[in-house]
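Starting from the structure of chain S, add chain P where the hints point.
Quick note, the sequences are listed as chains S and P, same order.
Per this note's numbering, residue 298 is the first one in the first sequence, and the count goes up by one each step.
Per this note's numbering, residue 689 is the first one in the second sequence, and the count goes up by one each step.
You may find that some hints are simply not true.
[What the hints assert, rightly or not] Stretch-level coverage of chain P by chain S, calculated; a stretch enters the list once three of its residues show a Cβ under 8 Å from a Cβ in chain S:
{"id": "1", "region": "708-716"}
{"id": "2", "region": "726-737"}
{"id": "3", "region": "745-752"}
Just so you know, the hints here were simulated from the structure itself, not pulled from any lab data.
Glycine is no exception: its CB is placed at the ideal position from the N, C-alpha and C atoms.
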Amino acid sequence: MNDTPEEIAVKDRKMFGFWLYLMTDIILFATLFATFAVLRNATAGGPSGAELFDLPFILVATLILLTSSLTVGLAILGSTRGYKKQTLFWLIATFVLGAAFLGFEVYEFSHLIAEGYSWERSAFLSAFFTLVGTHGLHIVVGLLWLGVMIFRLWRFNFRKTDINRLALFGLFWHFLDIIWIFVFSVVYLIGGIA
Amino acid sequence: MRKPQLETRHDDVRYKSYIVGFVLSVAATLIAYFFVVNQVWPKDILIYVVLGIAVIQLIVQSVFFLHLGRGSSLKSSTFLFSLLIVIVIVAGSLWIMYNLDYNMMQMTPEQMQIYMKKNQGL
Chain S
298 MNDTPEEIAV KDRKMFGFWL YLMTDIILFA TLFATFAVLR NATAGGPSGA
348 ELFDLPFILV ATLILLTSSL TVGLAILGST RGYKKQTLFW LIATFVLGAA
398 FLGFEVYEFS HLIAEGYSWE RSAFLSAFFT LVGTHGLHIV VGLLWLGVMI
448 FRLWRFNFRK TDINRLALFG LFWHFLDIIW IFVFSVVYLI GGIA
Chain P
689 MRKPQLETRH DDVRYKSYIV GFVLSVAATL IAYFFVVNQV WPKDILIYVV
739 LGIAVIQLIV QSVFFLHLGR GSSLKSSTFL FSLLIVIVIV AGSLWIMYNL
789 DYNMMQMTPE QMQIYMKKNQ GL
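Chain S extracted, bound-state conformation (with noise of 0.2 Å):
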């Protein structure tokens, strides 16, 4: 089962290449976060980020997607050892996890947006809002994986190439857990200072 000089090659080709759109993707996100650092005070009369996070409810939300970042490393773990078992039961938890973070925007969103606090309250809004919810789309984006790979696995045997797929899909989830943390230091924690 070793890898040839090769594989190994193609594999690491292949990492890279999803390395390189990973980095990408910061700079995406730090656009939006710059747009956010510039609007954070337009709130024009309408409230503030202090009076309207629920820091628990982001605290937990956090929690959670923290824990499946681990779930998803153990999922890897257990694919490079060959046990399909372990990894199919940490990638399920892992979407679970995922999906119960997405509930947990999902629920902030239609709250805000019921309350009429919509993105078009405020320049503040706007940004919160395509900051937040580009992170989100990532994370429906990365369930629709996680749900093609537990398939994949459920249905068929290992194979080299799921096993690398994993790797990947470890970076992907990894990568937005990290900027979570920082929506959640940025927005969430700063802007509900009062």
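The following block gives chain P in isolation, referenced to the frame of chain S:
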């Protein structure tokens, strides 16, 4: 019988790395949350403390989860390069917009329109 060997040089990650990274991240998150909820310091200091904790978490997660520094060195150098761009974008935007804000602060909206019309050609 030998155990099946699947490990290549990228996969020599151990459970410990993930567990340590996870525990450190949770601790950092809770500490930052505690500081903000209890308003331990005045606002100006608190902002920098929270940002500092976020940067520490970035380092922790890059090392323990993304395994930066292991594998190809291109990974680390592209990462550092994008961090440079991030800093330029974020700090640059804040700097320019703050300056604009500061320079136009004394004007009323009407005065600003007159000023902008006058300097249109610039």
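What hint numbers does the structure not satisfy? When the structure is compared with the hints, none of them turns out to be violated.
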